[in-house]
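Peer 1: Protein sequence lines correspond, in order, to chains A and B. This note's numbering numbers the first residue of the first sequence as 1 and each following residue consecutively. This note's numbering numbers the first residue of the second sequence as 1 and each following residue consecutively.
Hints listed in this document are in silico derivations from the structure and should not be mistaken for laboratory results. For every residue, glycine included, the Cβ atom is placed at its ideal position computed from N, Cα and C. Treat the hints with care, as some may be off.
As the list claims (entries may be wrong) - Which residues of chain B face chain A? A partial, calculated answer using Cβ under 7 angstroms: (1) F55; (2) P139; (3) Q178; (4) D207; (5) A212; (6) V218; (7) T221; (8) Q224; (9) Q225; (10) Q305; (11) G308.
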Amino acid sequence: MRGIGWASLNQERIVLGLAVLLFAAAAVGLPGFLAPDNLIAIVRSVSVLGILAFGMAIVIIGRGIDLSMVAIMAMSVAWYLQLLNGGMSDGPAFLLVLAGVVGIGVLNGVLVAYADVPAIFVTLASGSFVFGYVRSQLITQDAVALPQGHWIELFGGVRYLDIPVEVFVFAALAVLTFLFLRFTKWGRYVYYAGDNPMAARNIGMPVRPMQVLRYVLSALIAFIAGLLTAASLHSINTRIVNSNLLYDIVLVAVIGGIGLSGGRGGVRNVLVGAALIGILLNAMTIIDIPTLYQNLIKAAILLSAIVIDGILNPRDEQTAQQGDI
Amino acid sequence: MKILKTLMTAAAALGICVFTANSFAEGLAEDPGPAAYASALKGKRVMLVPLTMGFDLAQGWAYYLKKEVEAWGGVFETRDPNWNVDAGAQAITDAISSDTRPDVLIIHSPDLNSYSKLMKKAQKAGTYVMLVDNPANFPADAFVGSDWDRLGQLEAEAAIKACGPSSSKKIGLVQGDQANASSLYQYAGIMKVLEKNPDFQVVAKPDSNWDATTSRNVTTTMLQQHPDICSIIDFWDGDATGASAAIRDAKLDGKVFLVTTGGGEKTADCDKLEDGTYGAVVMTDLARQSADMNAIIKFLLQSGQPAGTSHTYIYTLEKATTKADLKPDSCWDLKALQAEAGVQK
Numbered sequence: 001m002r003g004i005g006w007a008s009l010n011q012e013r014i015v016l017g018l019a020v021l022l023f024a025a026a027a028v029g030l031p032g033f034l035a036p037d038n039l040i041a042i043v044r045s046v047s048v049l050g051i052l053a054f055g056m057a058i059v060i061i062g063r064g065i066d067l068s069m070v071a072i073m074a075m076s077v078a079w080y081l082q083l084l085n086g087g088m089s090d091g092p093a094f095l096l097v098l099a100g101v102v103g104i105g106v107l108n109g110v111l112v113a114y115a116d117v118p119a120i121f122v123t124l125a126s127g128s129f130v131f132g133y134v135r136s137q138l139i140t141q142d143a144v145a146l147p148q149g150h151w152i153e154l155f156g157g158v159r160y161l162d163i164p165v166e167v168f169v170f171a172a173l174a175v176l177t178f179l180f181l182r183f184t185k186w187g188r189y190v191y192y193a194g195d196n197p198m199a200a201r202n203i204g205m206p207v208r209p210m211q212v213l214r215y216v217l218s219a220l221i222a223f224i225a226g227l228l229t230a231a232s233l234h235s236i237n238t239r240i241v242n243s244n245l246l247y248d249i250v251l252v253a254v255i256g257g258i259g260l261s262g263g264r265g266g267v268r269n270v271l272v273g274a275a276l277i278g279i280l281l282n283a284m285t286i287i288d289i290p291t292l293y294q295n296l297i298k299a300a301i302l303l304s305a306i307v308i309d310g311i312l313n314p315r316d317e318q319t320a321q322q323g324d325i
Numbered sequence: 001m002k003i004l005k006t007l008m009t010a011a012a013a014l015g016i017c018v019f020t021a022n023s024f025a026e027g028l029a030e031d032p033g034p035a036a037y038a039s040a041l042k043g044k045r046v047m048l049v050p051l052t053m054g055f056d057l058a059q060g061w062a063y064y065l066k067k068e069v070e071a072w073g074g075v076f077e078t079r080d081p082n083w084n085v086d087a088g089a090q091a092i093t094d095a096i097s098s099d100t101r102p103d104v105l106i107i108h109s110p111d112l113n114s115y116s117k118l119m120k121k122a123q124k125a126g127t128y129v130m131l132v133d134n135p136a137n138f139p140a141d142a143f144v145g146s147d148w149d150r151l152g153q154l155e156a157e158a159a160i161k162a163c164g165p166s167s168s169k170k171i172g173l174v175q176g177d178q179a180n181a182s183s184l185y186q187y188a189g190i191m192k193v194l195e196k197n198p199d200f201q202v203v204a205k206p207d208s209n210w211d212a213t214t215s216r217n218v219t220t221t222m223l224q225q226h227p228d229i230c231s232i233i234d235f236w237d238g239d240a241t242g243a244s245a246a247i248r249d250a251k252l253d254g255k256v257f258l259v260t261t262g263g264g265e266k267t268a269d270c271d272k273l274e275d276g277t278y279g280a281v282v283m284t285d286l287a288r289q290s291a292d293m294n295a296i297i298k299f300l301l302q303s304g305q306p307a308g309t310s311h312t313y314i315y316t317l318e319k320a321t322t323k324a325d326l327k328p329d330s331c332w333d334l335k336a337l338q339a340e341a342g343v344q345k
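If we strip away everything but chain B, and leave its shape as in the complex, we get (with noise of 0.2 angstroms):
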């Protein structure tokens, strides 16, 4: 009896196992998702519009993307406008009106206002607008990149648990400009913290324009003022050699601690952050922004929705790394990107 309802269990169940293998079989047979998604996707055109082709990040974008997006059968272009604004706003122009109008468009904003008309007669065009890292004033598709006032906060928080309860608490900053976005949110969160931490104080705010020679001088100019600051936040890793060279040369490494931000390039920040240049660096998390960045084409390609009906913000994920916790994966290489892109220069 016993045995009997074993064989029927064991049959009824094989039974299920049966069908529904079977019904299985014929949802694989039918999946129509990969169709979709190539019918969705195949010839579709992305082009990256940075600030630069010769920074880190940007270069570590475009390899993320270009591999991404030939993946899928798409044609992925950059243009460089080499920090020059009007050359950005002429290659989003020319992109626009050409034949091969690019269905995506990625934009990383020199400020918040420039390109804004642009912007907004490209999606009237039917492009996609998403833009990357610079928030600017203007309802894009979607945004990807840094809230610029968390990371802010999370410079401020690692400048005032370096310097300690028992120190100076004087913080000098080397701003970027007054005119991006990135200076300007990043200021705003800075100051949030100090707020909160009132015995801390910012003695000094100049501006470095990005500039490393620029940010050397004014810094220089900072520590003699106030030779007791225990902390320094400059606004892009960029210029921070500037700053990092006033510290050097005022015989204070070790004493003042240097945060500042980057993109996470092995040489820009962690071998920075290994010998003490830097003391936390808030760094890019660069395979997952522009998996963020992959996704979200992929998804208003797909959308059917016409250009400038949703506005997403995905902001990466950060956080400061300091010499304490660098892992060997802290960083990405950019040398071996391009070796494995097949750049030979």
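The following block holds chain A by itself, in its conformation from the complex (with noise of 0.2 angstroms):
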């Protein structure tokens, strides 16, 4: 019987323990941690990260990926930006963009769901190609600014009871993403597609449509995470196509225990990785620890979870699935 005992540590549950671990020492050790500002800092640190991650999640429990989500999230913005900077008009300028990332949206589903091509193959390409495009045709430097007064900048400004907005619209998304996963009929059957896509074909599941649809909704979501970026810097800079900002995305959403080969996962493994995370960065900043070393410490606690998850869960051929990275 499974929920009792060593056994029921999954990976959720010892990455949730490792992050209450670190909270409680942090806690402890470091002064003005749990001041209501760190903590807010703390949720608003990951909060890009994690809105980026609710849409890798939705593709990766759809035993899908999407590796141009960085790119659509920092060329789609800079776009737009440079559109306004040369004096286009807000509404047009918006819906043209607004088109462009549902038009790559729709061409990473097509590829991966209708060309049958491997989606690390697909989006891959076509963040290359965003980026490339963008950079090269659309835009005259790497970093665009916001033009002065904008909506966004104001937007950007919104606080709430001193809650940046940013927290607000995590946190929004969180409960939609939740919504959409648990309690629509398409949300439910993004897990019976990525537990066993066949299978789910074979009952006259729209399969395929259902594919295109996690990818478009992907790259609207990391439309937003840029929106939100640029509202908060005044500008955005397309150099962070080439950070491991889209790694960190992966993680966040798979240390947090939604599997690669799809199927399980929601919004709350989500959290739990962007919560281990964000303490984790919080607390080494607050000592003053140098990235080197920063680095080395994220990577050494994250392998620590997944070689616990692999002691006590280990796999076996009832739980590999076919398809398992």
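With the hints in hand, could you dock these two chains into one complex?
Peer 2: Shown next, in the form of structure tokens:
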């Protein structure tokens, strides 16, 4: 009987345990860690990462992966700001960019669903394409500034109870993603299609259109994340495409317990993964640990979570799935 | 008698004039300079490999280099590794082994060591190697750029001056990374000044990895831990927008003096000094730096010396600019340069 003893410690719970442990240690050991402002800062620092991870989670649960998210996030907003700076009025510029974002999502989805190209290749290529095309044809510089007084700037300055707007958007998207995955028909289908696409198709689910929808959703979520980044920094730097943000997104999703083989996990897993990363980075910044060691410590803690999970829940023929990465 | 004397003097003076004018005219006809200049330079190839073509300085250098190189009949090219060290290495390798091997290779090095071997190879093949902006552990034919140690000192001095003697005397640093020479030497320079001012202390020194979001997050934490910080030095204007966002969010605008360094582009630096986002910026004098590069290129190509013979350091004169001493020509305008170069984007 599962649910009693060590075996009930799946990866999500191990990571949650680590996060709680770290939180307790930081609360005792670090002055100012428990200050409300710092707790808000922790949530805020992972909100864009977490939002992107929701999009990634939807795709991964459906047994796919979207490696074009960071490119879509940065390049869509960079293009949008470039259009505004070039004198285009807001409405048409926004609609044009939105159409571009949906278009890339559809392209990803169609290539994966109908042309049967592995998602990892499709999205890797489309990400490079988006970056290369926008960078070379549509914008002139890595960093594009927000025009002064634009609604995005005002939006970024919104505070309620001194809590920045990103936190609310993060929370709202968490709820929406949860509702979609839990209570909508197509949301439930994501799990079935991710767990066993052939069976899902055989019982009559529209597996392919659903797949397209998921890539459109992840593209739209990436666009929202980009707008939030610009709202806070008053500019967008496309250099972020070269950073390891993409790996961090996959990491947050996977470390929280969403299996890369699909069919498992949900919003809760993303929140747990984001909490661990957020607390860890914040504590290390307060202690003022150099970045090189920060990466080492981060990697060591994440690896240990995976190893503990591997020992407690060994893979066998029943738990392993076809297509597991 | 007097008249005669005057006349004779006048005649003599005239004679001298005529004589010198004659000899001068003959000399003019034979000035060997332009011909030597043209034969040494014509058709020579100059290639710029920056970290990326996507940031203001690289586009500024390229503008001035292209203008000058093409004026003396040379060929100017750029390669865009887009921040990717491997892509940069590939571009350099291809350039060295191609039929159109550049005669002068201008490299903006990503760190102290990555391209050392390739630069040596280039010199062996006969290409002069010039390092720009970022120093490297390699004896290039010339280095043109900032003395980052001195630049750090200027930043620290600006921060100390802005804080004043009656402040908390707490300074926060947002470093770039631990590999790039510009970050390491900048830090060394800042610490030198702070050693001389022992009552000032650095309370935190996180890295931004040159990323604005990271800069914002670490600065937020820094300001929460030390709300009485009087100045923050962020190591690059490319990510200092993040530090400034954190200061704005903490409602500490006007209380925390943000010092940074950048390429001196109008929208990136001067506009932000003007609106108070930055307190002081140590800016690159692009026109002067580019002129130095052009002069060194012309010197090397005429010197006749084999590549790798001499090692010259040309540091660009820099100063910390604040809102108080902003002038209309403190910055250069990328848009204006692009318009002039006919770039329609």
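Peer 1: Each hint should be assessed against the structure and marked as holding or not.
Peer 2: How the hints compare with the structure:
1. F55: This hint holds: F55(B) lies near chain A, its Cβ roughly 5 angstroms from the closest one there, short of 7 angstroms.
2. P139: violated, 28 angstroms
3. Q178: holds, 6 angstroms
4. D207: holds, 4 angstroms
5. A212: holds, 5 angstroms
6. V218: holds, 5 angstroms
7. T221: holds, 5 angstroms
8. Q224: holds, 5 angstroms
9. Q225: holds, 5 angstroms
10. Q305: At 37 angstroms from the nearest chain A Cβ, Q305(B) fails the 7 angstroms test, so the hint is violated.
11. G308: At 32 angstroms from the nearest chain A Cβ, G308(B) fails the 7 angstroms test, so the hint is violated.
Checked against the numbered hints above, the structure violates hints 2, 10, 11; every other hint is satisfied.
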